[in-house]
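Between the sequences and the hints, there should be enough to build the whole structure, so can you do that?
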Amino acid sequence: MSKRTLRKSLDYVKKDYVETRKMPGNWYLSSYQYKFNITHHQSFLKKLKDKKLVGNKCSACNRVFFPPRFVCGKCLVKPDQWVDLRDTGQVSTYTIVYLKDPETGEVLEKPVVMVQQDNCDTNYMAELQSYIDFKDTYIGMPIKVHWAESTNGNLKDIEYYDLIEDDSKDLDVSKD
Amino acid sequence: MERVGIVGYYQVKLYSNANYGRYEMIFEAVRGALDSAELKKKDITTVVSCTNDYYDGRTISNAFTVEVGGAYLEDESKVEMDGAHAVLYGLMRILSGNHKLAVIWGGSMASCFPYHSARLYETDPTWERPVAYVNDITASGFQMRAYMEKYNVDIEEIAKISVKNRKNASKNPLALEEAQNANLSVNDILNSEIYADPVRELMVAQPCDGVAALLLAPEKQALKITDKPVWITGVGYNQETYYLGDRDLSISNSMELAGKMAFDAAGIKEPKNEINIAELFEAYAHEELIFSEALGLAEKGKGSELNSEIDGDLPINPSGGAQGGNPPCATGLIRIIEAAKQLRGEANGYQVKGAKKAVASGQIGMCAQNNIVYVLEGGD
Amino acid sequence: MGRQVAIISAGFSEHASKRSDVNMAELVNEAVNDCLKKVPSLSIKDIDAYVNGNMPAFEGANLPELWMTDWLGARNKPLIRVTTGGTTGGSVGIAGYYSVAAGLPGIDTVLAVAFEQQSQGDTSIGLSSVALGEISVLNTLGLPYEYLTRLMSAGGAIGLASYQAANYMNKSKIREEDLARVVVQNRRNAAKTWWSHLKMPNLTIEEVLDTPYISYPLRYGMVCPASDGACAVLFTTEEKAKDLCDTPVYVNGVASVAHESVIIGYDASGSAQLDPSEQLGAMKSSEIAYNQAGISFPRKEIDYAEVYSPFPNQELMWVEKLGLFEENTAPEMYENEVTSLNGELPICCSGGVNATNAIGASALERPAVAALQIMGKASNQVPKTVHTAIGHGWGGMLNLCTMMVLSDQQQRKWR
Amino acid sequence: MSEKIIVANKGFVRAEFSFWVGRYMDKFYDAFENKKIIGNKCPKCEKRFVPPRKICGECYEEIIFDKNWVDLPDTGILLNYTITPYKVTDRTSRKVKKSQIIGMIQIEGSDTAIVYKLLNMEPEDISLGMKVKAEWEEKPIGNSADIKGFVKI
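Protein chains in written order, with our numbering: chain E, 1 to 176; chain V, 1001 to 1380; chain G, 2001 to 2415; chain U, 3001 to 3153.
To be clear, the hints were calculated from the coordinates, so they are not data collected in a lab. Model, not experiment: these values are computed from the prediction. Beta carbons: idealized from backbone N, C-alpha and C, even for Gly. Be a bit skeptical, because a hint or two may be false.
[To be verified] Here are the simulated DSSO-like pairs of lysine-lysine, each with C-alpha atoms no more than 27 Å apart in a straight line:
| id | chain 1 | residue 1 | chain 2 | residue 2 |
| --- | --- | --- | --- | --- |
| 1 | U | Lys3004 | G | Lys2045 |
| 2 | V | Lys1040 | E | Lys78 |
| 3 | U | Lys3044 | E | Lys156 |
| 4 | E | Lys78 | U | Lys3004 |
| 5 | E | Lys156 | E | Lys46 |
[Said to hold, decoys possible] Partial list, computed: chain G residues near chain V (C-beta under 8 Å):
| id | residue |
| --- | --- |
| 6 | Pro2056 |
| 7 | Ala2074 |
| 8 | Tyr2098 |
| 9 | Gly2126 |
| 10 | Lys2284 |
So, in structure tokens, the structure goes:
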């Protein structure tokens, strides 16, 4: 693959159209507000404060939700049990985001990761250790919560996720 | 047209600033509707929702309502007009034979968005929107003046409609607190502030927060689910042109055509004599007169002579109508629910005696550009 | 209960990045006229009802059908608006099918119209405002806005697709050339379709791989354009279809199953769709649609498929998920040209969504092109005779999916 | 169950749109720039439209672009009017102290109505059917705001 040119976009057979006037219009989402019921998050946040992870469980389909959910969609009922969770998890899926650093202008490659806590049925977006190179992330990579020093009962108490040694990585499990 | 039964419904109480989360309200409506018919999630075969991207401030306003709306791994779609149009799409899905139970829910929270700006986005963006002289407020003023001039109905007659509807709303526990007022007089209405002359503030159906849900089932299933199904025997919907200048605002052409289509389907020759209750979505007091005349419940210009009180010859909006609370995307759905309540004899507090055939309507657009009418029969 | 429904014509407007010569109403009118021109014996008066849809946030106009009534020819006629985000076109088509199948008195011929004029709006805000409310709750629960804005840039259609691509590549071990090959096949097909947007008659794999990454593994050259365009499809009953069109295309199966959203759940909860490329909703949609159409071996019975794939990894994934190819074998099929114009199972010969993406209209264009291929009137007509075809659409947060099975024979149920 | 906690967060983005007006309206606004009102005529039913349209709603006849144009005066008759204290914009709507009078005016020689403000008039001296004349901005720039409003003749 030639790296020289690295064209930004490909040209194509274009047809241009006469340009008529434009009338302005705006959609001020700033004059909108979004109402949420976060009552069910309270006990979850309290547990975060003393560095414990908890998720709620729907007793009808035995699915565990972390972060907790207001309604289990599968059974259309409210989850009624709380379940304590270990602080280890795995990378369930990831992508690399190319952000232009405003000062230096060079392109930063940062993995944005979806983490699935152990024995839990949902994943959520979280941060990895800053110096993990995006080439090392793979699906199923085991990770562990890195708690912030001072926790004050919100999602930022989970500062980021650390890498755990994964000895099954070299085993080539996928059969050819 | 085969009969399709309304087998369950639920309406969340209307608030001007609800202490509810959006998904909490949708879940309460859909779960309430299923519980009212003692059904479970697995009985659902299709869900039709009614939300509007500009009322919810989200681009795909039904992307996140899948779980709370009971549409998890179900055949789902969204109609972006009035709740009554979503019931129409649910009705079509049942009549096609592919589905056995349709959940239809609709509603939004007017406390969360600038209502009149969202309505302004409906205007012609190349001509009328930049100067914003045409919006839902001025359009209501044009409509009322055109009606009063054409049939020289004086303003007291129109104010009586608001007195009636707000008195009815005071008996309806789910209506909007601010809209309930049992002892208003015609002068109170006329002395309320000018909204868009000649329309006064108390003649307007105030937008509020609310979600409602309804269950539809084909005839065989409906008889199994409930012993008091309400049958939809006729439906008609129509849309007239957009430009106010091209329309005769004193009548509702689209309501006439929609009414004709619905009455033909239901086999009703004489609406005035065969219909014994009407729940019309009247965004403004004068629209109740225009619609009752368009549906043939009264002669043109003579709508105000009809005794439409709860104990009158043809009660209109015993539930308080849209002036009892107008949650965007839900009001038309609520009119159908109220009509079904009357036919099942469950409208305690404002029950009309011996209601056999009802008419319910929904509308969308400036000066009710698109109207939809249902003929409901049955009950006990 | 219900009746057989047939498609008799489909029309398009020219798609381009900036249709600056027309407003929304005139753009839609172009597609309506192109659709009616193909059925000379039917006039606008014979259309009994309309179904219309677009993605409103991209144009900035709420309920544009109300304003466009005259341009649609819908004055004093029944009309409903159906819109479900990315699958708006598919939902409009399915609503058109149900409008006819319901058999409401007086409604036999229905025109389904879907359109999008993205050059008028702000695509990035339009896409990121899908999850704006949900993200604002994450801020309440403690995540700083700076982090959330980075998360939003990973969101949007491209972000979602790159999650899907990462999962799909992890399972099927495809190389980037496979992605580029899909793009080349689509854009060369688009060059032979008059209404398509990115016409690249002699694009090569090297040129595609020569463009930088947007978000791994998708490159600028692989991503779909944002186009302006409209599409109209005419549905009618079985009897009327016979004398209006020489080969009516019967709609034998429709489904639009929704699933949980990916990446962000409602109320800032997590998402239970752990693997975005698993797509339970799409599998259930195709299952329901195939059952209705009486198809048990899609691989053998489907002759032509139009799948909704703005990104190349999706085309490989969808053709497997919809039962057309075995798991993880799609890249080979593209390599030995099974899916090309004169292949055994041609895919997206109109250039697909990778070459033309007017988001509101795209999901209607898929069944529209599939129907025209069966009629033999498609602009890039497949040499083999097509008896059964499918038109598919995905949308929302990777959780909505529409599916239409079309055939020139009637559904087994009606025969 | 603990007391319900509801949170209402404000949105934080703004989307900008620029609507293409299409060739018909473009020519209409060209005429606005030199303070002229033009419309077009449906070849079949002879109805005249201000602003001009590509399709005649009644007969669904296409009004071909380079034909059927009609020059019109900037006077007309008042069909309908309303007085409202509300000012509605894309961002929000608020009540202002001074109500504005909005009128529906049929331009002479056309069959449609346009909606504009009525200037220096009191509610008492407004009567339906009275003749009004457009009042133009000094330097019109080719959009619907070039007409400040209509005044009584």
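Going down the list of hints, with the structure as the test:
Proximity of lysine 3004 of chain U to lysine 2045 of chain G is assessed by CA-CA distance (about 56 Å); at most 27 Å being required, the pair is judged violated. Taking the CA atoms of lysine 1040 of chain V and lysine 78 of chain E, the gap is about 14 Å. The hint holds against a cut of 27 Å. For the proposed pair lysine 3044 of chain U and lysine 156 of chain E, the alpha carbon gap of about 69 Å is over 27 Å, so the pair is violated. Taking the CA atoms of lysine 78 of chain E and lysine 3004 of chain U, the gap is about 15 Å. The hint holds against a cut of 27 Å.
For the given pair, lysine 156 of chain E sits about 13 Å from lysine 46 of chain E by alpha-carbon distance, which is consistent with the 27 Å threshold. Given the 8 Å rule on beta carbons, the hint for proline 2056 of chain G holds: about 5 Å separates it from the nearest Cβ of chain V. About 6 Å separates the beta-carbon of alanine 2074 of chain G from the nearest beta-carbon of chain V, less than 8 Å, and the hint is met. Because the smallest distance between the Cβ of tyrosine 2098 of chain G and any Cβ of chain V comes to about 4 Å, under 8 Å, the interface hint for this residue holds.
For glycine 2126 of chain G, the interface hint holds, the least distance from its beta-carbon to any beta-carbon of chain V being 6 Å, beneath 8 Å. The beta carbon of lysine 2284 of chain G comes within 6 Å of a beta carbon in chain V, closer than 8 Å, and the hint placing it at the interface holds.
Hint compliance for this structure: hints 1, 3 are not met, and every other hint is.
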